[in-house]
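Colleague: This is what each chain is made of:
There are 2 protein chains.
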Amino acid sequence: MEKNIKNKNQLTELRQDLVTGDWVVIATGRAKRPEDFAVNKRVIIEEDSDKPCFFCYPEETGQEKDLLIYETSGGDWSLRVFPNKYPAFSKEEIVNHNEEGPYFSMDGTGYHELFVTRDHKRQIAQMDVLEVAEIMDAYQNRYIDLMNKKSVNYIEIFHNHGKEAGGSISHPHSQLVAIPVISPYIQSELDGAENYYRTNKKCAYCTMIEWESEHKKRVVFDSDDFIAYCPFSSRAAFEVWIVPKKHKPYFERMSDKEKLVLAEAMQKVMDKIYKALGDPAYNFYIHTSPCDGKDYPHYHWHIEILPRTSTWAGFELSTGVEISTIQPEIAAEYLRNI
Amino acid sequence: MEKNIKNKNQLTELRQDLVTGDWVVIATGRAKRPEDFAVNKRVIIEEDSDKPCFFCYPEETGQEKDLLIYETSGGDWSLRVFPNKYPAFSKEEIVNHNEEGPYFSMDGTGYHELFVTRDHKRQIAQMDVLEVAEIMDAYQNRYIDLMNKKSVNYIEIFHNHGKEAGGSISHPHSQLVAIPVISPYIQSELDGAENYYRTNKKCAYCTMIEWESEHKKRVVFDSDDFIAYCPFSSRAAFEVWIVPKKHKPYFERMSDKEKLVLAEAMQKVMDKIYKALGDPAYNFYIHTSPCDGKDYPHYHWHIEILPRTSTWAGFELSTGVEISTIQPEIAAEYLRNI
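Protein chains in written order, with the working numbering: chain P, 1 to 338; chain W, 1 to 338.
It is worth saying that the hints were derived from the structure and are not from the lab. Any given hint might turn out to be false.
Identical chains share a label here; the pair holds if one copy fits it or two copies do between them.
[Said to hold, decoys possible] With a straight-line cut-off of 35 Å between C-alpha atoms, the simulated DSBU-like cross-links for lysine-lysine are:
#1 Lys85 x Lys163
#2 Lys32 x Lys163
#3 Lys259 x Lys149
#4 Lys51 x Lys257
#5 Lys275 x Lys245
#6 Lys294 x Lys121
#7 Lys275 x Lys51
#8 Lys150 x Lys32
#9 Lys259 x Lys91
#10 Lys201 x Lys51
#11 Lys217 x Lys91
#12 Lys216 x Lys275
#13 Lys91 x Lys32
#14 Lys85 x Lys217
#15 Lys275 x Lys85
#16 Lys163 x Lys202
#17 Lys32 x Lys275
#18 Lys163 x Lys51
#19 Lys91 x Lys216
#20 Lys150 x Lys275
#21 Lys201 x Lys216
#22 Lys32 x Lys51
#23 Lys149 x Lys32
#24 Lys32 x Lys85
#25 Lys257 x Lys41
#26 Lys245 x Lys32
#27 Lys41 x Lys163
#28 Lys217 x Lys163
#29 Lys294 x Lys201
#30 Lys257 x Lys275
Everything numeric in this text was worked out from a predicted model, so none of it was measured.
Chain P with its partners taken away, still in its complex shape (with noise of 0.2 Å):
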């Protein structure tokens, strides 16, 4: 065993990601094995017992009217969708520029809504595939909704669980924020299928699809439409992305089909993860093209999946660079085998 761990010591090995160009670091002479990435102890977010859960009921507390709303064939609702009562972002329509000296701001213009789902606790692990199927087709409806707005560039649909994930309410939900500017990531990893495109004549995500199908190592789950990979330049232990096999741009164009099979996907997915790891903190959040009115063919619509079993440190944030301590084949190996 401890000579295991020495050799793993050597293959320490710099990965670079396909698609940015960016490198990553798999430390495995840190290593642990797989089943000792589990979480011990979740920091607990502390809400205030006194008062009723804001997204149990959300028409008791002062939210904003829906925007959408699920109801269940019993008449209960199951989903909804309302602005953020705290909004980082606010809803005029008009984006000023503004100068101070050599600086360059403008306002915070955009949207900021909530999708909460019914149960306090249960969370897509323990779902249905139709509820979650419902999660993604308000994803794709508020998505439509918003993308035409004069102000809106990119919208991010991301979800945060746990505290140690940013989590500051434990009921499960999700969040869209529509904004002016496409973000440094996108940006970089639009840039990055551009120039792989040009070089290849291929789609980088079609080429990492094609080679994860084939040799199977790193793949979690497989289906018709989607499949769901820890990818080979992983930035966290047991990340893994959910790609569309066949190439597409644009999240919001998936069919009624599509969304079942991606709901299967995600649901699969994060079951193994709360296994895995017994309940850790995770994020996800949906990548795709920007609604800016400018066509991207070359870039290839996906879900990333973080759970937050380490915190970034002074090295991750100054350099970008991650550490990731467990290898993304034995990460997916474990992951597909429960």
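Based on the hints, put chain W in the right spot on chain P.
Modeller: Leaving out everything else, chain W in the frame of chain P:
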């Protein structure tokens, strides 16, 4: 007061980084007063209380030999540098490039060292200027020793304090990682500085220093050779940069006098942050020109200090756009007056 907050809400801003062009969000609609950022409760680093602290007794706990040791006049040690027992990188000199289908990787060749100060608890905020100058001297000393190694193209020096900042050992220590690749954040600053120079015939950092010195509203501490200020596009609440006032691309060329003045600025700023935020977790790191044999005449080295009063969530991980909840001007005024 209520009205004041309402007004601020409308002032949510997107601010652009002068060097990289990246955007941050200053979301003061969620604003707290500066004093409300003080940390109430820190996550404790769990250490084995039966065992002696690795860093108090490095010679007794199987650490490799010192690379550098500073002694007090009384014969005790005051600072020592040794290789990390659990390095993220191994020392082999040859960098092997590998391929797996469409992917590229290389061996994780490099150096990983620890800088440990004598006292188990005293951090820079509590040290005197000469002690801090010794740390700066050790950084420079190790940098110069490693910068010409064949496999080393960038040297990252950083410090993690507290579990929220990714620290796993409470005894104050800094780290040095010397790696074969130039990391994405550094590359983005190098490119940005180069572009800024080409367009404006002036260093981007010198431009900022000039503006900040003149207007003073974001200045935290000012001295002969260094200025400390909260950057216009702060990524974190109470972020502070310490920047040499003259145009200097290379950290390692600092003079003895400059090291003393830097030590004074570091000590003062860390003390202010300690008092303002109540011993928060933080990271700081040095950003300097690569040591890859090329010249970087338009870059300007500096130290970035990031208190960790909030957790990066899905939005930040997905976009690279950070949301800060206090205006840098207000944070700077608060720190300045301490």
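Colleague: Hints first: check each against the structure and report whether it holds.
Modeller: Each hint tested on the structure:
Proximity of Lys85 and Lys163 under a CA criterion of 35 Å is satisfied in both settings, with 20 Å inside one chain copy and 31 Å between copies. Taking the shortest Cα distances, Lys32 and Lys163 sit within 35 Å of each other both inside one copy (24 Å) and across copies (19 Å). Only within a single protomer do Lys259 and Lys149 lie at most 35 Å apart by alpha-carbon distance; the minimum there is 24 Å, versus 53 Å between protomers. With identical chains, the CA atoms of Lys51 and Lys257 are never at most 35 Å apart, being 41 Å at best within one copy and 58 Å at best between copies.
Within a single copy, Lys275 and Lys245 get their C-alpha atoms as close as 26 Å, which meets the 35 Å cut-off; across copies the closest is 53 Å, which misses it. Proximity of Lys294 to Lys121 under the C-alpha cut-off of 35 Å is found in neither arrangement, the shortest distances being 40 Å within a copy and 55 Å between copies. Taking the closest pair of Cα atoms, Lys275 and Lys51 come within 35 Å of each other both inside a single copy (31 Å) and across two copies (33 Å). For a Cα distance limit of 35 Å, the shortest separation of Lys150 from Lys32 across copies, 31 Å, qualifies, whereas the shortest one inside one copy, 49 Å, does not.
For the identical chains of this complex, Lys259 and Lys91 are intra-copy neighbours only, at 29 Å inside a copy versus 49 Å across copies, given an alpha-carbon limit of 35 Å. Neither within a single protomer nor between protomers do Lys201 and Lys51 lie at most 35 Å apart by alpha-carbon distance, with minima of 58 Å and 59 Å respectively. Taking identical chains as interchangeable, the C-alpha atoms of Lys217 and Lys91 lie at most 35 Å apart only when they sit on different chains, with a minimum of 29 Å there against 46 Å within one chain. Proximity of Lys216 to Lys275 under the C-alpha cut-off of 35 Å is restricted to the intra-copy arrangement: shortest distance 21 Å within a copy versus 53 Å between copies.
Taking the closest pair of Cα atoms, Lys91 and Lys32 come within 35 Å of each other only across two copies (21 Å); inside a single copy the shortest separation is 47 Å, beyond that limit. With identical chains, the CA atoms of Lys85 and Lys217 are at most 35 Å apart between copies only, with a shortest distance of 31 Å across copies and 44 Å within one. In this assembly of identical chains, Lys275 and Lys85 lie within 35 Å of each other by CA distance both inside one copy and across copies; the values are 33 Å within and 32 Å between. In this assembly of identical chains, Lys163 and Lys202 lie within 35 Å of each other by CA distance neither inside one copy nor across copies; the values are 40 Å within and 43 Å between.
Within a single copy, Lys32 and Lys275 get their C-alpha atoms as close as 17 Å, which meets the 35 Å cut-off; across copies the closest is 38 Å, which misses it. For the identical chains of this complex, Lys163 and Lys51 are neighbours both inside a copy (20 Å) and across copies (31 Å), given an alpha-carbon limit of 35 Å. In this assembly of identical chains, the alpha carbons of Lys91 and Lys216 lie at most 35 Å apart only when taken from different copies (33 Å versus 45 Å within one copy). With identical chains, the CA atoms of Lys150 and Lys275 are never at most 35 Å apart, being 43 Å at best within one copy and 45 Å at best between copies.
With identical chains, the CA atoms of Lys201 and Lys216 are at most 35 Å apart within one copy only, with a shortest distance of 24 Å there and 52 Å across copies. Taking the shortest alpha-carbon separations for Lys32 and Lys51, only the inter-copy value of 22 Å comes in at or below 35 Å, while the best intra-copy value is 42 Å. Taking identical chains as interchangeable, the C-alpha atoms of Lys149 and Lys32 lie at most 35 Å apart only when they sit on different chains, with a minimum of 31 Å there against 48 Å within one chain. Taking the shortest alpha-carbon separations for Lys32 and Lys85, only the inter-copy value of 16 Å comes in at or below 35 Å, while the best intra-copy value is 42 Å.
Taking the shortest alpha-carbon separations for Lys257 and Lys41, neither the intra-copy value of 39 Å nor the inter-copy value of 48 Å comes in at or below 35 Å. For the homomeric pair Lys245 and Lys32, the shortest alpha-carbon distance inside one copy (32 Å) is at most 35 Å, but the shortest distance between copies (46 Å) is not. Proximity of Lys41 and Lys163 under a CA criterion of 35 Å is satisfied in both settings, with 12 Å inside one chain copy and 14 Å between copies. Taking the shortest Cα distances, Lys217 and Lys163 sit within 35 Å of each other both inside one copy (32 Å) and across copies (34 Å).
For a Cα distance limit of 35 Å, the shortest separation of Lys294 from Lys201 qualifies both inside one copy, at 20 Å, and across copies, at 33 Å. Proximity of Lys257 to Lys275 under the C-alpha cut-off of 35 Å is restricted to the intra-copy arrangement: shortest distance 27 Å within a copy versus 57 Å between copies.
In terms of the numbered hints stated before, the structure departs from hints 4, 6, 10, 16, 20, 25, listed from lowest to highest.
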